[in-house]
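In the numbering used here, the protein residues as written are 2 to 202.
Treat the hints as calculated values from the structure; they're not laboratory data. Values in this document were obtained by computation on a predicted structure and should not be read as measured data. Please note that a few of the clues may not be correct.
[As the list claims (entries may be wrong)] Here are the simulated EDC-like pairs of lysine to aspartate or glutamate, each with C-alpha atoms no more than 20 Å apart in a straight line:
| id | residue 1 | residue 2 |
| --- | --- | --- |
| 1 | Lys172 | Asp184 |
| 2 | Lys180 | Glu121 |
| 3 | Lys181 | Asp103 |
| 4 | Lys172 | Glu183 |
| 5 | Lys39 | Glu193 |
| 6 | Lys39 | Asp184 |
| 7 | Lys39 | Glu54 |
| 8 | Lys190 | Asp37 |
| 9 | Lys110 | Asp37 |
| 10 | Lys110 | Glu121 |
| 11 | Lys172 | Glu54 |
| 12 | Lys110 | Asp178 |
| 13 | Lys158 | Glu121 |
| 14 | Lys158 | Asp184 |
| 15 | Lys190 | Asp178 |
| 16 | Lys108 | Asp184 |
| 17 | Lys180 | Glu54 |
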Amino acid sequence: MEGGLAESTKRLIAEKKESWSYETYTAALWINILADPKFMPINTAKSFLYTPEYFVGNGSRCDLVISQSGLKEDLRTGFKNLPDSIQAIGIPFLAVEFKGSDESDDKVKIGFAQMKQAMEYIATWHYRDQIIFGAVAMGTQIQFYQATVTTTTLGLKTIVIGGLNINNVYKGPSVLDLKKIEDRTTIFKVLEHIEGCRPFL
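Working from the sequences, and respecting the hints, build out all of it.
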């Protein structure tokens with residue numbers, strides 16, 4: 002799995018600090034889950050690209066943004082011959098922030114703000130049917146979000162970010178915990194949903 006990761010992400014995994022209080026351990030846990038072949042595997046035919054430390058301007062950054070790259074056609078809209086630049090960097094669709102389990106409320110709010118900024122930045126890309134997701138992970142716990150983007154007749158975009166809602170599965174931003182069996186099942190269902198809603202089908 003690690004062959005497709007950026008050097009900064011490899012360092013996060015290599016630290017292997019055995020405590021949920023460390024942000025790096027949270028990152029290692031969730032990156033390994035996200036990159037599972039059932040969800041968003043790296044360097045496969047699905048071509049998911051992981052970008053750690055995703056900068057969105059003004060010095061702000063998101064811990065991880067996942068894009069889909071490598072396809073020459075947008076199968077959702079039928080648009081063909083995607084530019085080489087888009088094929089190379091991919092179309093981002095999932096922003097994730099990692100925090101330690103003992104982070105203060107203020108730091109968790111900062112994590113949400115960084116995720117939100119990344120989602121808003123992604124929404125400025127020129128893809129009308131783009132679906133954007135976000136997540137904040139704190140140790141074994143995680144919350145999921147989704148951005149709703151509407152475009153006016155004048156071409157202006159309105160972006161609303163709230164909890165991800167999947168009928169009869171998950172109502173966000175409820176906190177889910179990997180240590181709970183029922184929550185683990187829900188987490189996997191949510192990740193399957195996100196994978197199925199990626200920009201390129």
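Evaluation of the provided hints:
1. The hinted pair formed by Lys172 and Asp184 meets the criterion: a straight-line CA distance of about 12 Å does not exceed 20 Å.
2. Of the pairs offered as hints, the one joining Lys180 and Glu121 is violated, with about 31 Å between alpha carbons and a cut-off of 20 Å exceeded.
3. Distance check on the hinted pair: Lys181 and Asp103 sit about 18 Å apart at the alpha-carbon level, within 20 Å; holds.
4. Distance restraint check for Lys172 and Glu183: the Cα-Cα separation of roughly 14 Å lies within the 20 Å cut-off, and the hinted pair is therefore satisfied.
5. For a cut-off of 20 Å, the pair hint linking Lys39 to Glu193 stands: about 7 Å separates their Cα positions.
6. With a CA separation close to 18 Å, the supplied pair Lys39 and Asp184 stays within the 20 Å bound.
7. Taking the CA atoms of Lys39 and Glu54, the gap is near 24 Å; set against the 20 Å cutoff, the hint is violated.
8. For the suggested pair Lys190 and Asp37, the alpha carbons sit about 13 Å apart, so the restraint of at most 20 Å is met.
9. As the CA atoms of Lys110 and Asp37 are separated by approximately 28 Å, the hinted pair breaks the 20 Å bound.
10. For a cut-off of 20 Å, the pair hint linking Lys110 to Glu121 stands: about 16 Å separates their Cα positions.
11. At most 20 Å may separate the alpha-carbon atoms for a hinted pair to count; Lys172 and Glu54 exceed this at roughly 28 Å.
12. For the given pair, Lys110 sits about 19 Å from Asp178 by alpha-carbon distance, which is consistent with the 20 Å threshold.
13. With a CA separation close to 10 Å, the supplied pair Lys158 and Glu121 stays within the 20 Å bound.
14. The hinted pair formed by Lys158 and Asp184 fails the criterion: a straight-line CA distance of about 34 Å is larger than 20 Å.
15. Proximity of Lys190 to Asp178 is assessed by CA-CA distance (about 14 Å); at most 20 Å being required, the pair is judged to hold.
16. For the given pair, Lys108 sits about 24 Å from Asp184 by alpha-carbon distance, which is inconsistent with the 20 Å threshold.
17. Restraint check: the Cα-Cα separation between Lys180 and Glu54 comes to about 27 Å, which exceeds 20 Å; the hinted pair is violated.
Checked against the numbered hints above, the structure violates hints 2, 7, 9, 11, 14, 16, 17; every other hint is satisfied.
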